[in-house]
Every structure is written in C-alpha cells, then in structure tokens.
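Visitor: Sequence:
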Amino acid sequence: MNFLLVFLPILINCNRYKITHSDYDRIKELIPKPHEVGLYNEITNNSDFLCSFEVNKEYDNSKEIKIIKLNNYDSGTSNNILPAIFCEISDIKCLTLIRLKLSKLPNQFKN
Numbered sequence: 001m002n003f004l005l006v007f008l009p010i011l012i013n014c015n016r017y018k019i020t021h022s023d024y025d026r027i028k029e030l031i032p033k034p035h036e037v038g039l040y041n042e043i044t045n046n047s048d049f050l051c052s053f054e055v056n057k058e059y060d061n062s063k064e065i066k067i068i069k070l071n072n073y074d075s076g077t078s079n080n081i082l083p084a085i086f087c088e089i090s091d092i093k094c095l096t097l098i099r100l101k102l103s104k105l106p107n108q109f110k111n
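Quick note on full-length UniProt numbering: the sequence shown kicks off at 1 and runs consecutively.
Below 16 Å or equal to it, Euclidean Cα-Cα: the simulated EDC-like pairs (lysine to aspartate or glutamate) are:
hint, residue 1, residue 2
1, 33, 88
2, 93, 58
3, 63, 88
4, 104, 42
5, 93, 64
6, 66, 91
Label pairs and their calculated CB-CB ranges:
hint, residue 1, residue 2, range
7, 98, 35, 29 to 35 Å
8, 101, 54, 15 to 21 Å
9, 23, 75, 19 to 25 Å
10, 94, 45, 24 to 30 Å
11, 38, 75, 19 to 25 Å
12, 73, 13, 27 to 33 Å
13, 57, 77, 32 to 38 Å
14, 45, 14, 27 to 33 Å
15, 36, 59, 28 to 34 Å
16, 104, 69, 16 to 22 Å
Simulated from the structure, these hints should not be mistaken for lab results. This structure is a prediction, so every number in the text was calculated from the model and none was measured. Glycine is no exception: its CB is placed at the ideal position from the N, C-alpha and C atoms.
Use the sequences and the hints to build the structure in full.
Guide: The structure is reproduced here in structure tokens:
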C-alpha cells in the first residue's frame, strides 16, 4: 500500500495533450489568451500539424514537459520546427526532446 501512496501524486499531476490542426482548444489550459500571441496561426496554417506531449506539474507549480510526437515539418529540410507554444507556457523547468530532428527553434529562443 505504501508503494501506491508514493506514486499517486505523480499520476495526478500528469496531463497528456494532443494538439492537431483541427483540435487545438486544449492550449487554453496551458496558455491564457493564446489567440493574442498568434499561436493558432502556426497550427491552423499546417494541415498536418500534430503535437502530442505530456506535462508533469511539480509541487512548486513548475512544469516538466516531454514531447512524445511532433509533426510540424519544415518543407526545406523535412525536419520538425519546435512549435512556439512551448515558448509561451509559463514555469517550464524541463523540456524533453527525444528523437526529434529539429530544423529550427522559434524566434523566442534566438538572441
């Protein structure tokens, strides 16, 4: 029974999100007023857009995000472009990118 008590808080604080070209309303749970920062344009302009990710919320309200699947291809390189939604989510402690071929990062990452 103690084993379950240790892992129960982790399961409660984990949410999975799947954002697609036609279903992107769940962004509102993570980003207040996403339409004001132009996040929908990146998604709606790409009919093949798919981003599936997991968010673990820590006790201090920080977030660990793991991108599970990404389909946001750059036509020039056939590699993925990291969506700008990850620049607008507050309190990201860790962003895990595993087995993703990225061609470029959003402008917010550039100095």
